[in-house]
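Colleague: Go by the hints and put chain B with the ligands onto chain A.
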Amino acid sequence: MLQTISILLENKPGALLRVTGVLSARGYNIESLTVAKTFDPELSRMTITVDVEDRLRAQVIKQMNKLVNVLQAVDLTDAPAVIREMVLLRVRCPQESRTAVLKEAEIFQARVVDSSVEGFAIEATGDPEKLDEFIDVMRSYGEIEVTRSGGVAMSLESKKLKLQPPVPAPAALQTT
Amino acid sequence: MQTTGAIQDTGKSPETGRLMTGAEMLLECLGREGVDCFFGYPGGVTLPFYDALYSHHIRHILVRHEENACFAAEGYARATGRVGVCCATSGPGATNLVTGLVDAMMDSIPIVAITGQVTSKLIGSDAFQEADTFGITRPATKHNFMVKNVHELPQIVHEAFYIAKTGRPGPVLVDIPKDVFQARGHYTPVDNIHLPGYRVFTEGHTGQIRRAAQLIWEAERPFVYAGGGIVAAGAAPELRELVEMADLPTVCTLMGLGALSSSHRNFISMPGMHGSYAANMGMTECDLLIALGTRFDDRVTGQLQQFARHARVIHVAIDPAEIGKNRTPDIPIVGDVKRVLQRMIKAMQELEAEFGAKKKDARRVWWDLVRGWMEEHPYDRSRDEKIIKPQHLMDEIDRLSNGQAIVTSDVGQHQMWAAQLIRFNEPRLWLNSGGLGAMGFGLPSAIGAQMARPDKLVFSICGDGGFQMSVPELATIASHALPIKIIVMNNGYLGMVRQWQTLFYNNRLSAVELDCFPDAEKLAGAYGFKGRTIDKPWELAAALEEAVKEPGPYLLNVKVSPDENVYPMVPAGGAIYEMVLGPPQPVAVA
Ligand SMILES: Cc1ncc(C[n+]2csc(CCOP(=O)(O)OP(=O)(O)O)c2C)c(N)n1
Ligand SMILES: [Mg+2]
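Read top to bottom, the protein sequences are chains A and B.
For the first sequence, my numbering gives the first residue as 1, with consecutive numbering after it.
For the second sequence, my numbering gives the first residue as 1, with consecutive numbering after it.
Pulled out of the complex, with its shape left as it was, chain A reads as follows:
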């Protein structure tokens, strides 16, 4: 089963690689990964979807939490959380099915972002399974091209994050 991990980390060079290194060093393949900076520009939020054996999941989270650049890594797989993904999809469709395609897009609450004689470019968001269906449906109308964002997740639990306050440096480092 896929594991969804949400990570708050420092927005620093190499920080991303340290996190993915925990997975690649154990031979795990990352299914998806998204990362962007947070409110605080010094921090980034990352969501990783990865296939990890059940018995090793806790270990992977601990290894990530151990990284100096990581403030918090949590497993959202079985926790209350929302996971959303975005799809950009181009579908090439004949004139006669254009209305049907638009109708389907509406059902999936997707938005048309470009339209041409050849077909449409459509943007959809939702949970990954719903987007799988959306893509299947669109494929039935004609040739498609798809870009997926990978999941972004947010915990619905109000877990307190304890920040490590700055540590006073030993006196020896301060006196001149």
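These are calculated hints, taken from the structure and not from any lab test.
Because the structure is a prediction, the values reported are computed rather than measured.
Careful, some of the hints might be misleading.
[Unchecked claim] Derived list of chain A stretches under chain B, where covered just means 3 residues or more per stretch with a C-beta under 8 Å from a C-beta of chain B:
(1) 9-20
(2) 55-67
(3) 167-173
[Said to hold, decoys possible] Partial list, computed: chain B residues near chain A (C-beta under 8 Å):
(4) 32
(5) 35
(6) 54
(7) 143
(8) 193
(9) 196
(10) 197
(11) 324
Glycine included, each C-beta is placed from N, C-alpha and C at the ideal position.
Modeller: Just chain B with the ligands, lined up with the frame of chain A:
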């Protein structure tokens, strides 16, 4: 004044502070961290640093290969508990450090490694002697940094030391481009360490500590399994107090030897693949395993399902990721083992009246059993009249050391015999590459240890294989007249590999024969110190004494019986109670 350690990348230096170059700043920081000597090898991009060093009081030891700079820094750190520092140039210098870094990582040794990098604007252009040191060493270190600007240099260097020595210690690398060494900036002392993602757990959970204390009193067959964490935390006095208070049989792992004095009456021996019968049976039969500063390494546990199969487990470790990694404990305690033990001892004192005497009889039966195992199958210390047995050699070194000398070891059979047979009455006397098992460790680590502890007798026990991996360091030893006693246990083989080929590969000895070992007297003589080769058992004691008496370095090449195997041995993948106790006995043919 910097109020946070957030990287200042403004290119503008603080207004205050002394103006100096990056190279001078680095030396200033090393000085403030209390570094008195470090180990390194210069090159193109570290030229500005070495130039600043020329007129600085910090001592630099020029090794003969960068791998040995890291091993020597480890020897320094392992012998003292202080941070060991090594330095290498970019590209090949940095890549040569990697084995040492991984070694320090595996054994949790505090190291700060400084590497030079090509000038900032050349990074990424495949410049001469460029390597992606930051990328290569990421999984080889506890953390690493690349300095991009001279103004952030002091903060990074102090953070590197802080990370290296706090929590679970480990190696930290700081990669510094040449232009950063050259750039000038105002040096302002660092007044705080700002690492928002770096957490260190020290105290341990109060409730769990109390529960553990009660379990220890209630156990009928308790057993202490003490590891390198006791040494790292400086928790040997607390360990001793605990062990004496509840009269607990105790084993120390390969990394933990000396955590409880080998001469202590509660000390059993080392457990694991080449551990003693009593240690492994104790682990197997105990009803409470008290694991302190240790990580259930596969070389200790053998087959996990069968390991301590009757026991409840208390596991104290500073690294939360070690808890439950290999064995799920009944009482997990994340914390500094010194602090946790202090609190546990206090809790035990409070509970002593209530529980202390309850299990006395059961405990006596348990001790009888353990002592029985010890007497039944002690380590083999046998000698031979015609040939020097490896055990004889270690026994003699033990006699001379009397639990006091620093002994560094390389990796192989000699390491196991040394660990079995030499006593260590304190922590930080037995220095070896435990987790990584890196051949080539023995000699350079002795350099670091002897630099750090000039007062100490230092033996460096090497195999004839491993010795030749670090033979260039004889020059470093000679150059500083370090009175290290280099003892080569020469069995003519890559002995440990030969043992496995003998036992598990039908004695097909493939690529393990070491012919052509250099003449020790001539080799040492070439470097200007004394050396000798012996092969007669009756020469051994006197030859070792002569080596110890010699004021300078000494190379003693001891030819031992080539076919000896290390026992007991738990075959890989086996349960630790399935020990092979010795060679098959010859069967009389009727
Ligand atoms: C760098 C490195 N390469 C290979 C090994 C595998 N290895 C483990 S023990 C050993 C044999 C060591 O031979 P020697 O130094 O003569 O010691 P002995 O076992 O004979 O005492 C080898 C090759 C290793 N541990 N480290
Ligand atoms: Mg050998």
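Colleague: So, for every hint listed, does it hold in this structure?
Modeller: Hints versus structure:
Counting residues of the segment 9-20 of chain A whose beta carbon lies closer than 8 Å to any beta carbon of chain B gives 7, which reaches the threshold of three, so the coverage claim holds. Only residues whose C-beta sits within less than 8 Å of a C-beta in chain B count toward coverage, and the segment 55-67 of chain A has 7 of them, enough to reach three; the restraint holds. With a cut-off of 8 Å between beta carbons, the segment 167-173 of chain A has 5 residues touching chain B; three or more are needed, and the interface restraint holds. Evaluation of the residue 32/B hint against chain A yields a held restraint, the C-beta minimum of about 5 Å falling below 8 Å.
Here the hint on residue 35/B is broken, as its CB sits about 12 Å from the closest CB of chain A, past 8 Å. Given the 8 Å rule on beta carbons, the hint for residue 54/B is violated: about 23 Å separates it from the nearest Cβ of chain A. For residue 143/B, the suggested interface contact is upheld, since its CB lies about 4 Å from the closest CB of chain A, less than 8 Å. Restraint check, residue 193/B versus chain A: the minimum CB separation of about 4 Å is within 8 Å; hint holds.
This hint holds: residue 196/B has a C-beta 5 Å from the nearest C-beta of chain A, less than the 8 Å allowed. Among the interface hints, the one on residue 197/B holds; its C-beta lies about 4 Å from the nearest C-beta in chain A, closer than the 8 Å criterion. For residue 324/B, the interface hint holds, the least distance from its beta-carbon to any beta-carbon of chain A being 7 Å, beneath 8 Å.
The earlier numbered hints that this structure contradicts are 5, 6.
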